[in-house]
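Q: Sequence:
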Amino acid sequence: MKNDKNTNIWANLLGKVQVFWSWLKADRRRLVGAAVTALLLASSIWYLVSRGNKNEVTYQTMAVTKGTIVSTVSASGQILTSNLVNVSTQATGVVKAVYVKNGDKVYAGQKIAEITLDSDGTLANAKAWTSLVSAQNGVNSANNSYRSTQASLQKVYEDIKGHDSDETLAQKETRTKAEVSNDNAYDQLKSAQANLASAGLSYRQSSPVITAPMTGTVDNITLASGMVLSNSSSSTTALSSNRIAVITSQANPIATFTVSEVDVSRVRQGQKATITLDSISDKTFTGKVLTVDKIGTVSSGVTNYPVVIGFDTSTPEILPNMAVTANIILQTKTDILIVPSSAITSQNGEYIAKTLKNGQEVDVAVEVGISSDTQTEIVLGLSEGEIVITGTVIGTTSSSTQTRSVFSGGGFGGGGAVRIAR
Numbered sequence: 001m002k003n004d005k006n007t008n009i010w011a012n013l014l015g016k017v018q019v020f021w022s023w024l025k026a027d028r029r030r031l032v033g034a035a036v037t038a039l040l041l042a043s044s045i046w047y048l049v050s051r052g053n054k055n056e057v058t059y060q061t062m063a064v065t066k067g068t069i070v071s072t073v074s075a076s077g078q079i080l081t082s083n084l085v086n087v088s089t090q091a092t093g094v095v096k097a098v099y100v101k102n103g104d105k106v107y108a109g110q111k112i113a114e115i116t117l118d119s120d121g122t123l124a125n126a127k128a129w130t131s132l133v134s135a136q137n138g139v140n141s142a143n144n145s146y147r148s149t150q151a152s153l154q155k156v157y158e159d160i161k162g163h164d165s166d167e168t169l170a171q172k173e174t175r176t177k178a179e180v181s182n183d184n185a186y187d188q189l190k191s192a193q194a195n196l197a198s199a200g201l202s203y204r205q206s207s208p209v210i211t212a213p214m215t216g217t218v219d220n221i222t223l224a225s226g227m228v229l230s231n232s233s234s235s236t237t238a239l240s241s242n243r244i245a246v247i248t249s250q251a252n253p254i255a256t257f258t259v260s261e262v263d264v265s266r267v268r269q270g271q272k273a274t275i276t277l278d279s280i281s282d283k284t285f286t287g288k289v290l291t292v293d294k295i296g297t298v299s300s301g302v303t304n305y306p307v308v309i310g311f312d313t314s315t316p317e318i319l320p321n322m323a324v325t326a327n328i329i330l331q332t333k334t335d336i337l338i339v340p341s342s343a344i345t346s347q348n349g350e351y352i353a354k355t356l357k358n359g360q361e362v363d364v365a366v367e368v369g370i371s372s373d374t375q376t377e378i379v380l381g382l383s384e385g386e387i388v389i390t391g392t393v394i395g396t397t398s399s400s401t402q403t404r405s406v407f408s409g410g411g412f413g414g415g416g417a418v419r420i421a422r
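Just so you know, the sequence shown maps onto residues 1 to 422 in UniProt numbering.
These aren't lab readings, by the way, just hints derived from the structure by calculation. A couple of the hints might just be wrong.
Said to hold, decoys possible - Below, in silico cross-link-like pairs of lysine to any residue (SDA-like), each with a Cα-Cα straight-line distance of 20 Å or less:
id, residue 1, residue 2
1, Lys272, Asn184
2, Lys111, Asn184
3, Lys354, Ala63
4, Lys190, Ala178
5, Lys66, Ser372
6, Lys357, Asp118
7, Lys354, Thr374
8, Lys96, Gly77
9, Lys155, Asn144
10, Lys288, Thr332
11, Lys288, Ser148
12, Lys105, Asp263
13, Lys172, Asn184
14, Lys357, Thr61
15, Lys357, Thr374
16, Lys354, Thr332
17, Lys111, Ser207
18, Lys272, Gly77
Unchecked claim - Each pair of labels, with its calculated beta carbon distance range:
id, residue 1, residue 2, range
19, Lys177, Met227, 58 to 66 Å
20, Met227, Gln193, 34 to 42 Å
21, Asp282, Thr345, 33 to 41 Å
Glycine residues also receive a C-beta, built at the ideal position from the N, C-alpha and C atoms.
Given these sequences and hints, build the entire structure.
A: Shown next as structure tokens:
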């Protein structure tokens, strides 16, 4: 019964098709129109299906060129000293006389002003003098001890001279003790000298005579005869700050920076640097590495190494403790083959450049030299003018576009593009 029903359906459908076909044949224009419509529909379906299965690839490319690469290490730090020094005092009393005016040239040690000390100032100055005398005695004692240990160590060396290879255990112990004693005496001398410098500064700060700490031009004088200097800021006639003037000189600023343990081995005394300050964003300064501390300091498990850089020039805008950034120039190469760093990747210990030849991606093993943040030197493997791929963009017929980076690293502006469907 079910089979009979299906047979009837197909018979009815076949009959309708025959009727439609007879209708088409009755008029030639109807037949041609139906054929064209069917062909256009089939073509559209084929195009959409085949087009949707293809991806259009746009290569971002650059040509291998000759140029210059500057390899640098970046470091941050702060201004250690500038060409401006504060003149200050901790003395208290009444200003007796001021011997200079703004704009005067002064030399180191020249008298700038004099103060009649009050009772507190006199007591502070006396205590500072006592500390200075004590510190000087400490240096004298430490120096005598150091000379004594030096003499003892020299005698030990003379006793074992010529017997380095067959030094006895007793001789070794004697030598070691003498060396340790000499080292300790040296450390004590350095400590005593530091104490003396500190005591000397305290005495000068409490002295009734204020002198110039360096040679230069005095400015911003805040003292006048009869003015009261006091440690208390409660009085309206008293100065709340102990800075009484500034002196500027022709000396260039010095800044201290920190570099990582990865970079410190590449930084050397005498290397040039470019320097920028956030506070003077429109200027770039040059300088030179003065010292590199190979001992380093450890903070939170991270080791950093201090590097001191001296400026080649100065400006009054540079002040102590300002934040500063330096790019230390490790090496500069000119007239070399260069490519964007994004065109180079590392595979199995080799450096690979992905090139574009006859519309096809071709991996080429290369030997690289120095590099900067954006460029890499090619020593072997590529020639000037060859095209390297720095990235690709893969798109479809849909409105969305997918970007795929071929290599790590940033892109490089100014390149061309080659579009290939695949």
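Q: Are the hints correct? Go through all of them and say.
A: Hint check:
1. Between Lys272 and Asn184 the alpha-carbon distance is near 38 Å, which puts this suggested pair outside the 20 Å criterion.
2. Of the supplied pair hints, the one linking Lys111 and Asn184 is violated, its CA atoms being roughly 40 Å apart against a limit of 20 Å.
3. A threshold of 20 Å between alpha carbons decides the hint, and for Lys354 with Ala63 the separation of about 12 Å falls inside it, so the pair holds.
4. For the suggested pair Lys190 and Ala178, the alpha carbons sit about 19 Å apart, so the restraint of at most 20 Å is met.
5. A hinted pair counts as satisfied when its Cα atoms are at most 20 Å apart, and Lys66 with Ser372 qualifies at roughly 15 Å.
6. Distance restraint check for Lys357 and Asp118: the Cα-Cα separation of roughly 89 Å exceeds the 20 Å cut-off, and the hinted pair is therefore not satisfied.
7. Restraint check for Lys354 and Thr374: the C-alpha separation of about 17 Å stays at or below 20 Å, so the hint holds.
8. Restraint check for Lys96 and Gly77: not satisfied, since their Cα atoms lie roughly 42 Å apart, outside the 20 Å limit.
9. With a C-alpha separation of about 17 Å, the suggested pair Lys155 and Asn144 falls inside the 20 Å cut-off, and the hint holds.
10. Pair hint Lys288 plus Thr332 holds up; C-alpha atoms about 15 Å apart against a cutoff of 20 Å.
11. Only pairs whose Cα atoms come within 20 Å are accepted, and Lys288 paired with Ser148 is rejected, the gap being roughly 41 Å.
12. Taking the CA atoms of Lys105 and Asp263, the gap is near 43 Å; set against the 20 Å cutoff, the hint is violated.
13. Of the pairs offered as hints, the one joining Lys172 and Asn184 holds, with about 18 Å between alpha carbons and a cut-off of 20 Å not exceeded.
14. Of the supplied pair hints, the one linking Lys357 and Thr61 holds, its CA atoms being roughly 11 Å apart against a limit of 20 Å.
15. For the hint pairing Lys357 with Thr374, the CA-to-CA distance comes to about 24 Å; that exceeds 20 Å, so the pair is violated.
16. Taking the CA atoms of Lys354 and Thr332, the gap is about 26 Å. The hint is violated against a cut of 20 Å.
17. Taking the CA atoms of Lys111 and Ser207, the gap is near 12 Å; set against the 20 Å cutoff, the hint holds.
18. For the hint pairing Lys272 with Gly77, the CA-to-CA distance comes to about 16 Å; that is within 20 Å, so the pair holds.
19. Look at Lys177 against Met227: about 60 Å separates their beta carbons, and that is inside 58 to 66 Å.
20. Here the CB-CB span from Met227 to Gln193 is close to 36 Å, well matched to the stated 34 to 42 Å.
21. For the pair Asp282 and Thr345, the supplied restraint of 33 to 41 Å holds, since their beta-carbon distance comes to about 38 Å.
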